[in-house]
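> Below are the chains, spelled out letter by letter.
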Amino acid sequence: MLKQIEGSLGVAEAVALCRPGVVCAYPISPQTHIVENVGKFVKTGTLKDCDFLNVESEFSAMSVAIGSSAGGARTYTATASQGLLFMVEGIYSASGLGLPIVMTVASRAIGGPINIWNDHSDSLSQRDSGWLQLFCESNQDAVDTHIMAFKIAETVGLPVMVCMDGFVLTHAFERLDIPSQEVVDKFLKEYEPNEYLNTSEPISMGAMVGPEAFTEVRILQQRKMARALKVIEDVTKEYRELTGSKSGGLLDCYNCENADLKLIILGSSVGTAKDEIDRLKKEGINVGIISLKSFRPFPYAKLAEAIGDTKQVICLERAFSFGGRGIICPEVKRAMEGKNCDIKTVVAGLGGRAIYGTTINGIVKNALDGKFTEEFTFFDVDASVLNSYTQKTEGVSFPNGPICQSQIDNSVNM
Amino acid sequence: MLQIRLHGRGGQGVVTAAEMLTLAAFYEGHHAQAFPSFGSERTGAPVVAYARIDDKEIRTHEPISKPGVVLVQDKTLLGSVDVFGGLDPNGFAIINSKDDPEIVVPELCKFLPKGHVFTVPATDFAMQKIGKPLPGAPMLSALAAVTDILKLESVQKAFQERYPGKVGDANAETAALAYNYIKGV
Amino acid sequence: MLEKIKFYQTGSNTVGNRMLNPAMRTIQASEDRPNSLISGHRACQGCGEALGARYAIDAAMKATNGQIMLVNATGCLEVFSTPYPESAWQIPWIHSLFGNAASVGSGLAAAARILAKKHGQENAPRIIAQGGDGGTTDIGFGPLSGMFERNDDVLYICYDNEAYMNTGVQRSSATPPAARTATTQLVGDAPGADWGKGKDVPLIAMAHGIPYVATATVADLRDLENKVTKAMSFHGARYIQILVPCPLGWGLNSSSTVTAARLAMETGFFPVYEAEYGKVTSVRKIRQKQPVLNYLKLQRRYAHLTGKKADPNVVARLQAMCDQNIKNFGLLDDDNTEAAPVAIQAFERNQSV
Chain C
23 MLKQIEGSLG VAEAVALCRP GVVCAYPISP QTHIVENVGK FVKTGTLKDC DFLNVESEFS
83 AMSVAIGSSA GGARTYTATA SQGLLFMVEG IYSASGLGLP IVMTVASRAI GGPINIWNDH
143 SDSLSQRDSG WLQLFCESNQ DAVDTHIMAF KIAETVGLPV MVCMDGFVLT HAFERLDIPS
203 QEVVDKFLKE YEPNEYLNTS EPISMGAMVG PEAFTEVRIL QQRKMARALK VIEDVTKEYR
263 ELTGSKSGGL LDCYNCENAD LKLIILGSSV GTAKDEIDRL KKEGINVGII SLKSFRPFPY
323 AKLAEAIGDT KQVICLERAF SFGGRGIICP EVKRAMEGKN CDIKTVVAGL GGRAIYGTTI
383 NGIVKNALDG KFTEEFTFFD VDASVLNSYT QKTEGVSFPN GPICQSQIDN SVNM
Chain Y
976 MLQIRLHGRG GQGVVTAAEM LTLAAFYEGH HAQAFPSFGS ERTGAPVVAY ARIDDKEIRT
1036 HEPISKPGVV LVQDKTLLGS VDVFGGLDPN GFAIINSKDD PEIVVPELCK FLPKGHVFTV
1096 PATDFAMQKI GKPLPGAPML SALAAVTDIL KLESVQKAFQ ERYPGKVGDA NAETAALAYN
1156 YIKGV
Chain W
4 MLEKIKFYQT GSNTVGNRML NPAMRTIQAS EDRPNSLISG HRACQGCGEA LGARYAIDAA
64 MKATNGQIML VNATGCLEVF STPYPESAWQ IPWIHSLFGN AASVGSGLAA AARILAKKHG
124 QENAPRIIAQ GGDGGTTDIG FGPLSGMFER NDDVLYICYD NEAYMNTGVQ RSSATPPAAR
184 TATTQLVGDA PGADWGKGKD VPLIAMAHGI PYVATATVAD LRDLENKVTK AMSFHGARYI
244 QILVPCPLGW GLNSSSTVTA ARLAMETGFF PVYEAEYGKV TSVRKIRQKQ PVLNYLKLQR
304 RYAHLTGKKA DPNVVARLQA MCDQNIKNFG LLDDDNTEAA PVAIQAFERN QSV
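If you're matching them up, the sequences are chains C, Y and W in order.
So in this note's numbering, spot 331 of the first sequence is number 353, and the numbers just go up one at a time.
So in this note's numbering, spot 6 of the second sequence is number 981, and the numbers just go up one at a time.
So in this note's numbering, spot 153 of the third sequence is number 156, and the numbers just go up one at a time.
Among the hints, a few may not be true.
To be verified - Short derived list, chain C residues pointing at chain W, Cβ under 7 Å: (1) 71; (2) 73; (3) 85; (4) 88; (5) 89; (6) 93; (7) 94; (8) 206; (9) 227; (10) 260.
These aren't lab readings, by the way, just hints derived from the structure by calculation.
Note that the coordinates shown come from a computational prediction; the quantities given were computed from them, not determined experimentally.
Ideal Cβ positions, reconstructed from N, Cα and C, are used throughout, including at glycine.
Please construct the entire structure, taking both the sequences and the accompanying hints into account.
Here's what the structure looks like:
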């Protein structure tokens, strides 16, 4: 059914349609509206047979989710940024225990300094944790991906993070197609765990594993991730056929045929980029967008196939590794190893700095003009802000325009 | 695609107005998107909200730097915030004021074509019918009257759906006042 | 006639439960005791925690007809009971993290309730979350308070051996003053743990106004079983703190675990009582008050206070602390206290001003 609602409410409705047994929540911007709405559904009785717990911290939220999921109930929670980090111990415990929890991460920058706006540093910081990480291009994608996430999680036996851009998507009021309860019930059956805590068949979960078996346990988790690649595709196919939706999948290609350059983008910037790419096409510039939906498991083979013969790839990254470089670029390079393809990182949109069509335009033009000479460049820099510090304290000035790593290196070696 | 930027102060219902705008557009079968600029909002501080209306899927999520319409819900912003920055030279502006446009925004009247700048005493209308300084509904109905992109009925329906009962009805009445005011100008 | 005689519970070997009316026998004394924690685990010889856990969980199992599920914090109990691929637990059990047992318990309780409702079962299994003092009074404190505040239907059992034992005997906020631990060594002007530090979690639990709070020791088997049984008759948040001496950490003979626990009670060092909805409802009276030195003598963690070089002032302060506890809770027969008990740390802090 078509509705004009806030993205958060769309997600809340999607989650409620999946009939979770337990939802727990600790407030943090910009996820608050999602759990507030789910809480309201529980209290009004719209969402039946569901327990909603207001917990005292995100660490508790993940812990309550662990207890609930281990007890056999379909479980959901949501967080962002600082909250995600506060629950990291629990994140690893959940994936180690193989609990199919679904959690929204309303992507927000990690402090310090504190910043409540959208980037991908929080979600990507947990890329090693053993959770599946699915990114959403739009609020419609978010609605659909949450529903698919429960099925994916329960089939694979691993928890799933559904990452949607904080504020930009969560607080946007848009036209969304919410599937009916009948359709969702057909797609997502009642949760039937292989193992859960119950008094008829007692089990011990979470034993101490020593050096003699730890490696093997980890390999079993890696196996689940390998299986997840196919499960994501199968579940997506099933959902798309049932609803007509175009959401989900491992990745999506836009205007990729005969593209001179391909941009790899995660999240809401894909939409903005699509509009700009259409404008550029009219100028005779053919650029493709690969919207990366699954960051974990990373779809190496599928990505290599999507990039194909294209010789130039730019990864638009909204997070990076201090003292290192980009996070997405190395994975893409790994996928394209042995192939003749130039792959670079362009960082933009940190801490909520908006990515405009003009930003995309600038990146494309610079890329095609060969102006990105290094692997790692900060694109949308305000040199005057930077210089207000470096000029005053060190007498170092940066010129206007993108700043690449060697400029940073040189600026400290003067 | 029509891009509208709404300016006001926290507590005046600017974000709600943007949402209602898109809800009205939705009722008429359009695609529409509304979102606030995400600052540290607090009552009284300048607030910006954005709305887009189109007949196909709206994919972009960038803030609106080149609006086709600017609504200014609080005229005290004039002079301290660049409310008309990026406004299309053929665009429209509607300012919440009982004075004539030439008095309130003389420069803008020179910049935009004749008949593209309007003032409407939205707060006065709101105080009359709602009893609170919430100029959102009359500003939107003024927009409907100025541009014909929306019907008055859609604006009214949006407020009545969001606020069923007396509040919604009061907003609908206020909207009618402003609509007729503009049409009369 | 036997019922009128007060027997000292000095171990099932002396009185020999066979002489007792079956109704007075402990759960542990019966052949069909649940053995929720079965033999074969890797605990130390004389481990008070292994003893306390078996006593407590078996009592809970009996009280609920076997419908108990356990959440265990990281610590000795978890480590020695589940060395993969073995587990000493015969009932559903989960270990997640160090600080989250209370929250995991809340989640498990919610799931159990929802599933019971879905399957048309009248009674859902009951949840016990358990951990040592480290995992309860320190790192698990926030989640514990959250569970209390929500009045979630979880019984939290803290096995209190007064330090982080599994990691090598480091000080926790349950460590008593002047005790030796690895992080409060017997060096300097004030050897052992500092005075005026620490927290009284049973009183804090009471301040949350939860239905049932109790303290107990492994020396009083019946008392402990009764308290766990009573706890299971309530719904909502409940807390029991059990003193479980640690031979290794305390420097005890491994055969002295129960004796040490009894002396902790009989000196007033560890008050034993029950409370409901924030008010003390019963105390375990001290039969024969023991001087604190008799308790300290058993433990090498207090060796600096029992030899020739002992500082009598410190011993006197510990004695004063015990006397204050006795006054606070009315632990001697003729004492009846009206005032609400106050954390002993307040007394210590006040004293040092």
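> Answer holds if the nearest beta-carbon of chain W is closer than 7 Å to that of residue 227(C); otherwise answer violated.
For residue 227(C), the interface hint holds, since the closest Cβ of chain W sits about 4 Å away, which is under 7 Å.
> Would the stated hint for residue 260(C) survive a check requiring a Cβ distance to chain W of less than 7 Å?
With a minimum Cβ separation of about 25 Å from chain W (threshold 7 Å), the hint on residue 260(C) is violated.
> Return the status of the interface hint for residue 88(C): holds when the least beta-carbon distance to chain W is below 7 Å, violated otherwise.
Residue 88(C) check passes; min Cβ-Cβ to chain W is 5 Å, inside 7 Å.
> Under 7 Å is the threshold here; is the Cβ of residue 85(C) close enough to any Cβ of chain W for the hint to stand?
Holds: closest Cβ of chain W sits about 3 Å from residue 85(C), inside 7 Å.
> Do the numbers back the hint for residue 206(C), that is, is its least Cβ distance to chain W under 7 Å?
Because about 18 Å separates residue 206(C) from the closest Cβ in chain W, which is outside the 7 Å limit, the hint is violated.
> Min Cβ distance, residue 94(C) to chain W: is it shorter than 7 Å?
Residue 94(C) check passes; min Cβ-Cβ to chain W is 6 Å, inside 7 Å.
> Does the nearest C-beta of chain W fall within a distance shorter than 7 Å of the C-beta of residue 93(C)?
Residue 93(C) check passes; min Cβ-Cβ to chain W is 3 Å, inside 7 Å.
> Hold the hint about residue 71(C) up to the distance rule: shortest CB distance to chain W must be less than 7 Å.
Residue 71(C) check passes; min Cβ-Cβ to chain W is 6 Å, inside 7 Å.
> Go through the hint on residue 73(C) and say holds or violated, using the shortest Cβ distance to chain W against 7 Å.
4 Å, holds
> How about residue 89(C): closest beta carbon in chain W under 7 Å, or not?
3 Å, holds
Checked against the numbered hints listed earlier, the structure breaks hints 8 and 10; every other hint is satisfied.
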